[in-house]
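Read off the chains here:
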Amino acid sequence: MEEKRLWQFGTREVVYAAIGAALYGVFSWVTNFLALPAAGNISLRPAVAIPMFFGVVFGPWVGFLSGFVGNILGDFLSGWGFWWYWDLGNGLMGMIPGLIWLSITSYKAKSAIIKAEIMVVIGAAVGMLVPSLLEIFFSGIDLKTAIAGYWFPAFLSDAVNGLILVPILMVAYDSIAARSGR
Amino acid sequence: MLVTWKYRPRQSFVETFDPRARWIFSMLVLFSIIKFWDIRFLLFFFALVMTQYALTKLTWAETKRAWLFILVLVVFIVALNTLFTGRGGSGTVLHGGHVLWRVEWRLFGLSIHPTITVERLWFAMSQIVRMLSISILFFIIPYTMDPRLYGVTFRGLGLPDRFAFSMDLAFRFVPTLARDFSTTLDAQRARGYEVERVEGGLIAQIRKMAPLVVPVTMNAILSGEDIVNAMDLRCFGLRPRTWVHKLEYQRRDYLLIGFGLLLFIAAIVVRNILHVGDFWMPAWALQWAA
Chain A
1 MEEKRLWQFG TREVVYAAIG AALYGVFSWV TNFLALPAAG NISLRPAVAI
51 PMFFGVVFGP WVGFLSGFVG NILGDFLSGW GFWWYWDLGN GLMGMIPGLI
101 WLSITSYKAK SAIIKAEIMV VIGAAVGMLV PSLLEIFFSG IDLKTAIAGY
151 WFPAFLSDAV NGLILVPILM VAYDSIAARS GR
Chain B
1 MLVTWKYRPR QSFVETFDPR ARWIFSMLVL FSIIKFWDIR FLLFFFALVM
51 TQYALTKLTW AETKRAWLFI LVLVVFIVAL NTLFTGRGGS GTVLHGGHVL
101 WRVEWRLFGL SIHPTITVER LWFAMSQIVR MLSISILFFI IPYTMDPRLY
151 GVTFRGLGLP DRFAFSMDLA FRFVPTLARD FSTTLDAQRA RGYEVERVEG
201 GLIAQIRKMA PLVVPVTMNA ILSGEDIVNA MDLRCFGLRP RTWVHKLEYQ
251 RRDYLLIGFG LLLFIAAIVV RNILHVGDFW MPAWALQWAA
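These protein sequences, in sequence, are chains A and B. Okay, so the first sequence: first residue is 1 according to this note's numbering, each after it adds one. Okay, so the second sequence: first residue is 1 according to this note's numbering, each after it adds one.
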């Protein structure tokens, strides 16, 4: 079997990046119009688990494209235009959990899930911080507004949704992983 | 569940340009806008992007959702920023000022005194014009750019073949996965699953999404294996890929890029050499505080 490299981007990664992006876009759009109940600052955004999960399972490039392109697709489908620095942030949110991709042998092992959870939180924090800080230059807001108005609500929502759904997806994937043959 | 892209051919002037030229122009205008805080310059860019919007032949009915989203976001963020500090950007600082409104609240022993000055209000207006200009510049893109051309466009802008193809493939997967989602939702509802039911805490509500998210995701991954095998059997990636659509620059595209470059260079000259374009407020505005 071919040795895996962290930043590889072969045929498999091309396809799964596309699938991850399409899933993120569709789930984002659907959960927007399903008008799911929310609690305070934390909204129901189950879609954010997709780029994080795809990063953990298929690598950082797949996670990045799932988040980056997926966010573009979700915004296009919802008719919200194009916000490239938020697309970049979503890409980072998927890429960072992908950094542990090679270290996972079993997706349902406790150690793998704990590692993934830690990377989900870091990914959400960094992924939402970058566009929030870029808003300082583009929208002309100051640091306090960027943190309180953009970063904190987005980070909290993404982290909570990711922490709950990524392990569920990992355990489900473990049962089908053996069928992939690669 | 039918997924439809917002794009449809309108035979507008904007659509006659090469998508690559449009992206380059948009980025040049963006980096020109962010150099200014003077509302007089910002209004020029606002007029420019509104002219571009007018040339797209988009209707209010098609874009009202986007407009509402942008207006709500801009007003909320500007209001928050104005109340917090009234300053922003990488270099603009407003100290003191002529007070229009001030109130003092005591909350848990802390004294909070939001203040609106004439200077903050004027800064907020400049900020609104700036944010709206940037938003309108880009929000027309999904309505006026054919989704089939994104892959070849980004390839033409220098993105590696595999990344550009992955982007193209993602657009093609959307209707299929939306249909699978719809089928799964109906199947789960037939088994008593109610996604809209408000019950349990936040964690329980998020976990309740699993019966929707997991089957659709796992099915998509399993289907992906067949696609990977089919592509490998056709030697995908062994040589540079050709595309169904071919993009060629016309004279008007070079003119558009040239105009964008002119704006950007002018912005640099005005700001960095002539030192004009920083925050400005007319003297007559001070009468508001009188």
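Please note that the accuracy of each hint is not assured.
To be verified - Using 27 Å as the maximum straight-line C-alpha spacing, the simulated DSSO-like pairs for lysine-lysine come out as follows:
1. 110/A x 4/A
2. 115/A x 4/A
3. 115/A x 208/B
4. 35/B x 144/A
5. 110/A x 208/B
6. 246/B x 57/B
7. 208/B x 108/A
Claimed, not checked - Beyond 10 Å from chain A on every Cβ pair, some chain B residues (computed):
8. 116
9. 189
10. 254
11. 263
Just so you know, the hints here were simulated from the structure itself, not pulled from any lab data. Ideal Cβ positions, reconstructed from N, Cα and C, are used throughout, including at glycine.
How the hints compare with the structure:
{"no.": "1", "hint": "110/A x 4/A", "result": "holds, 23 Å"}
{"no.": "2", "hint": "115/A x 4/A", "result": "holds, 19 Å"}
{"no.": "3", "hint": "115/A x 208/B", "result": "holds, 24 Å"}
{"no.": "4", "hint": "35/B x 144/A", "result": "holds, 21 Å"}
{"no.": "5", "hint": "110/A x 208/B", "result": "holds, 22 Å"}
{"no.": "6", "hint": "246/B x 57/B", "result": "holds, 25 Å"}
{"no.": "7", "hint": "208/B x 108/A", "result": "holds, 20 Å"}
{"no.": "8", "hint": "116", "result": "holds, 15 Å"}
{"no.": "9", "hint": "189", "result": "holds, 12 Å"}
{"no.": "10", "hint": "254", "result": "holds, 24 Å"}
{"no.": "11", "hint": "263", "result": "holds, 17 Å"}
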